[in-house]
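Chemist: If you want the building blocks of each chain, they are given just below.
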Amino acid sequence: MHTNKTKWWGYFFIGPQLIGMLAFSLIPLVSALVLSFMDWDGFNSAKFVSLSNYIDQLSNDNFITALINTAYYTLLVVPVGIALALVVALGLNNVTGSNVYRVFYFMPVVTSSVSIGVIWMWLLNGDFGLINQLLSYVGIEGPNWLTDRKLVLPSIAMLSIWWGLGTNMVIFLAGLKGISKTFYEAADIDGASPLQKFRHITLPMLSPTTFFISITTIIGSFQVFDQTYVMTKGGPGKASYTVVYHIYDTAFGRFDFGASSAAAMILFIIILIFTLIQFLGSRKWVHYE
Amino acid sequence: MLHLLLIIGAIVMSGPFIWMFLSAVKPLDQIFAVPPKWIPEPFVWSNFIDSLKAMPFGKAYFNSFYISIIVVASQILTCSMAAYGFAKIKFPGSKVLFILFLSTMMVPMQVTLIPLYLIMDAIGWLNTHASIIIPSALFNAFGVFLLRQFIMGIPKEMEEAAIIDGANPFQVYVKVILPLIKPSLAAFGIFSFIGVWNNFIQPLTFLSSQELYTVPLLLSYFKGLYVTNWALMMAGATISVIPILVVYIIAQRQIIEGITLTGVKG
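These protein sequences, in sequence, are chains A and B. Once you know that position 243 of the first sequence is 243 in UniProt numbering, the rest is easy, because the numbers rise by one and skip nothing. Once you know that position 111 of the second sequence is 111 in UniProt numbering, the rest is easy, because the numbers rise by one and skip nothing.
If we strip away everything but chain A, and leave its shape as in the complex, we get (with noise of 0.2 Å):
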């Protein structure tokens, strides 16, 4: 059917949704990469100052503080979460009972990224937290993990991996109810050794679904700011000021929306980068199935 009567019907159904892209996302992108070619506090007139924000970012030392944080807490989250929500997925997947597991463990993941910042706070403050009272039985005399600056973001990221465990679980156990029981059957046949199966048949089946969650967690991790805005600010000085606490802060703090634009759309050019690489890698996923 493709009368003019259904056609206007058609505009009637996606009509609210389309204002909502227009005005919430597609204008505001295009404003945002106008502004990253300007300079603007936001008062003053703005100028049109080409690609000099985009100069400016790439040599401003925050951002390059930022960009280095932001990999280095990427670097921490992704390996770690990856492999142990792989891990946790494996034991629950043929045990009795995984549906009480699984209430547990992906309980962190609806909680806000605030009351999780303030309960870590706690947990890892220096002189009273739980952690340090814990390594304190095993004779452990625990440091000041997030007033010092070595260890803030891997604790920011210890979090993290604990926030997130559950959503990259489930994807995860998705991932192995979708292998087929016949190729350990056959594997059994043979004799394979659980190892061996785990090896030859479980990792390379799994391995669209480990590819997805590389990517998501790298996005996601690419995007921190509520942990680091609540548990730190940013500090002890500028060990955990991450890409976008630098965009925030470049916008609502030094009123400088240009630069703020700038380095935002960098951003989105490496988030768009991974996006890609995602999207050519999902033609594998269909391959491999």
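Rough simulated footprint, nothing fancy, chain A against chain B, three-plus residues with beta-carbon under 8 Å:
(1) 20-33
(2) 79-88
(3) 109-116
(4) 187-201
Below 25 Å or equal to it, Euclidean Cα-Cα: the simulated SDA-like pairs (lysine to any residue) are:
(5) B/Lys182 - A/Val103
(6) A/Lys238 - A/Ile219
(7) A/Lys5 - B/Lys175
(8) A/Lys5 - B/Ala87
(9) B/Lys95 - A/Ile273
(10) B/Lys59 - B/Gln210
(11) A/Lys233 - B/Ser209
(12) B/Lys95 - A/Ile27
Worth flagging that the hints you see were computed from the coordinates, not collected in a lab. Glycine is no exception: its CB is placed at the ideal position from the N, C-alpha and C atoms.
Keeping the supplied structure of chain A fixed, place chain B upon it in accordance with the hints.
Modeler: This is chain B only, laid out in the frame that chain A set:
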């Protein structure tokens, strides 16, 4: 053996919440006790009352609830409408528009935050709940995509019967499509509720009056003020966590399945 490991894991995963709750009902001197006092003696329930008194948590609850409910209700309506339009109605430009919707999912929220702030400022919505409600209520590309997948799966025959009876597309949408995708709508609704409830950076950027604060925003502000009174802070954290955990426990099956389906964190 496996069960033992999984139980230890479950304790690690839920432990922070238990410790939060236990700390919330401790007398202040026991909170700093070394070695730690696991079970408070006595339980100081008044920490909750003090915390509610110290900050307008009641108001923040109300704000969070009503914002979430409006956003979720309108997202269910507008996303399912758009999803139906894209899935079942042929009209010029539908493919291009759908691809446009999909592409916007790649745009990180932080990129549009500054222009959105300026737009809100220009139309006078800054420091009003409209700045939080309207953008989310009218736009959720992910919801459109998700619901479209479900509607695509509905066989043609189901609608055709209604069309032969003389129903127009709107009647088909209300009487055939919506009843059939009810479970998906419920899952999507819970999902979107968690997302809206937990939203932080937008309220942080757009709202400045304390009486407009949502629960996460108020908790973050509370943290700044009561940084040394940990019992009170843990009471505040508990207050902020309880509603979402209750929603989770009631709806955990749908939430977990919803996340499996989408692979996106709320």
